[in-house]
Amino acid sequence: MDNVGVLMLCPISSYLEQELNKRFKLLKFWPITSKTEFLKENSNYIRAVVGNSACGADSELIDSLPKLEIVSSYSVGVDKIDLVKCKERGIRVTNTPDVLTDDVADLAIGLAIATLRKICVSDGFVRNGLWKNRDFELTTKFSGKSVGIVGLGRIGSAIAKRAEAFGCSLSYHSRSQKLDINYKYYSNIINLATNCEILIVACSLTEESRHIINREVINALGPKGIIINVGRGAHVDELELVSALLEGRLGGAGLDVFENEPDVPEQLFGLENVVLVSHVGSDTVETCKAMADLVIENLEAYFMNKTLVTSVV
Amino acid sequence: MAESKHLPKVLLLGPPNVFQIHGKHFSQRFQFLKPFESPIPTDQFLAENCGSVQAMMCSGDTPVTSDLLRKLPAVRIIVTSSAGVNHIDLTECRRRGISVCNAGTVFSEDVADTAVGLVIDVMRRISAGDRFVRSGVWPVQGQYPLGSKVGGKRVGIIGLGSIGLEVAKRLEAFGCKISYNSRTKKSSIPFAYYPSVLELTINCDILVICCALTDQTRHMINKEVLYALGKEGVIVNIARGAIIDEKELVACLVDGKIAGAGLDVFENEPEVPNELFDLDNVVLSAHRAVFTEQSLWDIYELMSGNLEAFFANKPLLSPVIDG
Numbered sequence: 001m002d003n004v005g006v007l008m009l010c011p012i013s014s015y016l017e018q019e020l021n022k023r024f025k026l027l028k029f030w031p032i033t034s035k036t037e038f039l040k041e042n043s044n045y046i047r048a049v050v051g052n053s054a055c056g057a058d059s060e061l062i063d064s065l066p067k068l069e070i071v072s073s074y075s076v077g078v079d080k081i082d083l084v085k086c087k088e089r090g091i092r093v094t095n096t097p098d099v100l101t102d103d104v105a106d107l108a109i110g111l112a113i114a115t116l117r118k119i120c121v122s123d124g125f126v127r128n129g130l131w132k133n134r135d136f137e138l139t140t141k142f143s144g145k146s147v148g149i150v151g152l153g154r155i156g157s158a159i160a161k162r163a164e165a166f167g168c169s170l171s172y173h174s175r176s177q178k179l180d181i182n183y184k185y186y187s188n189i190i191n192l193a194t195n196c197e198i199l200i201v202a203c204s205l206t207e208e209s210r211h212i213i214n215r216e217v218i219n220a221l222g223p224k225g226i227i228i229n230v231g232r233g234a235h236v237d238e239l240e241l242v243s244a245l246l247e248g249r250l251g252g253a254g255l256d257v258f259e260n261e262p263d264v265p266e267q268l269f270g271l272e273n274v275v276l277v278s279h280v281g282s283d284t285v286e287t288c289k290a291m292a293d294l295v296i297e298n299l300e301a302y303f304m305n306k307t308l309v310t311s312v313v
Numbered sequence: 001m002a003e004s005k006h007l008p009k010v011l012l013l014g015p016p017n018v019f020q021i022h023g024k025h026f027s028q029r030f031q032f033l034k035p036f037e038s039p040i041p042t043d044q045f046l047a048e049n050c051g052s053v054q055a056m057m058c059s060g061d062t063p064v065t066s067d068l069l070r071k072l073p074a075v076r077i078i079v080t081s082s083a084g085v086n087h088i089d090l091t092e093c094r095r096r097g098i099s100v101c102n103a104g105t106v107f108s109e110d111v112a113d114t115a116v117g118l119v120i121d122v123m124r125r126i127s128a129g130d131r132f133v134r135s136g137v138w139p140v141q142g143q144y145p146l147g148s149k150v151g152g153k154r155v156g157i158i159g160l161g162s163i164g165l166e167v168a169k170r171l172e173a174f175g176c177k178i179s180y181n182s183r184t185k186k187s188s189i190p191f192a193y194y195p196s197v198l199e200l201t202i203n204c205d206i207l208v209i210c211c212a213l214t215d216q217t218r219h220m221i222n223k224e225v226l227y228a229l230g231k232e233g234v235i236v237n238i239a240r241g242a243i244i245d246e247k248e249l250v251a252c253l254v255d256g257k258i259a260g261a262g263l264d265v266f267e268n269e270p271e272v273p274n275e276l277f278d279l280d281n282v283v284l285s286a287h288r289a290v291f292t293e294q295s296l297w298d299i300y301e302l303m304s305g306n307l308e309a310f311f312a313n314k315p316l317l318s319p320v321i322d323g
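If you're matching them up, the sequences are chains A and B in order.
Numbering-wise, the first sequence is residues 1 to 313 according to my numbering.
Numbering-wise, the second sequence is residues 1 to 323 according to my numbering.
Treat the hints with caution; some may be incorrect.
Result set (BS3-like, lysine-lysine): computed pairs, CA atoms no more than 30 Å apart in a straight line [stated by the list, open to error]: (1) B:Lys-185 <-> A:Lys-161; (2) A:Lys-224 <-> B:Lys-24; (3) A:Lys-141 <-> A:Lys-224; (4) B:Lys-169 <-> A:Lys-141.
What the hints contain is simulated information worked out from the structure, not anything from laboratory work.
Given only the sequences and the hints, what does the whole structure look like? Please build it.
Written out as structure tokens, the structure reads:
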């Protein structure tokens, strides 16, 4: 398979590069300055693309790769890939579900506790020597709070399981009700937000779910409510979120994703009721290796004419 | 004030945070004698006002020594706002038949939440990552270093009382494998028991300290235990600072002998070893594991409930010693 050209769109991990190099002809897209030239010169033998949550095979790229047969994404979300075009052209698409479910769920709960109990703020309080002058403020209890999950897929369910261990009551909003699940279902997301204290976004990004968390939902959640986003930045109307936080219409937020990563609205930097991390949902040593292995497994399966392990298209 | 004269008298030391916040509520049920508000020296205050006082309320910070108790010949109950009772001379209390009531299980959930929050923070670098984003360097420096998966890790809990059990229940849901060390094995508990702290530590990746501070547990986490925890190991302490040999802990963290630590308590609060401030693999909290609005209300209800039970000759709600 070492004559199969695999185009890697952005830096992911040296382990993945190493493994791709062993099996295929690896081409790195991100350091190239004149990308159009590069694609013209190499399009004849690029048969696969590897991207992630930041960089996907969009319409333009697919058009410039006439020999493209498979897109293997190092992510579970495939919102950056033009799936319609892939279907039309018979291009296969694979992602990395399951291996990252636990990590993202762990982070969601970690962000919720950190936001309510002001763990990061307390850490800064101690590091800046403020404890010598006064006690740290009272914070808000996490256990027993009502948790509303947007999207009860693999990740949403894993989050729910963890929240249950803290005595939280669970409710959810999803495209359709899950009949084998006991949590309360709300077909209207406003009602979900009205009836919970912690709203956690864990659904996939589609046309329907873009800005699903808008001003109305934020207001329904209210000044004591918090939002945890481990989905995609575009799930939340970021401008509305920032103004709600600044005006006190929303109690707080724990955010792993933003609309224009790596840019984060600077007005958030001064707030003590938010926790901000840099899209690290699956960023553990263990999971990154598992994700890279799954990308490789899918590519190998394809080029050896075997069944794909985790295909989306 | 005339309306409080018929209320039972309680000597108030500290005062504990819960009194600072719910003092009005407390004062509707009891008449408090407050030496800290008096201009005269405490000893004199006690001698003049507390000769017949039967009840005392204090915090975890106010030492109740045999010396102090000698000045209070009529005291029969001490109600502390803390879960820990290491600040009270329990031997002297037993000798005199003085009941001691603590916070019972009122704080257990909040403390467990903090413990789990610290575990996730250290493993997944949440506080360090938050600093990274706020510093504005994400666009410049690219991704933050990888963290460590929580699920599947072996968690060793020291002290499987109310708090330890709540921690175990939570971390089990994350896919962690729970084992513990306690003074006695709990036969009804399904988790693996290790008879020594060292053996427990050798067999776990994350050590969570949930036990009481006693003469036996002071500096129980020493160099040997820390070395056994190892380069990939993480320690979280929400119990008492003195359970860990803090000098050794700092040395191990600075030298990379253990992977990280989440600490809510320290040996000489509010003093915290400065060397920790340079480390990104450490999360520091200002002994607030119990302090939520909810828990402060709950402890107010428990403490006043204990005092009311005492004055009405009814069973105490959360006795550590039932004099």
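Cross-check of the supplied hints:
1. B:Lys-185 <-> A:Lys-161: holds (28 Å)
2. A:Lys-224 <-> B:Lys-24: holds (25 Å)
3. A:Lys-141 <-> A:Lys-224: holds (12 Å)
4. B:Lys-169 <-> A:Lys-141: holds (17 Å)
Hint check: no violations occur; every hint is consistent with the structure.
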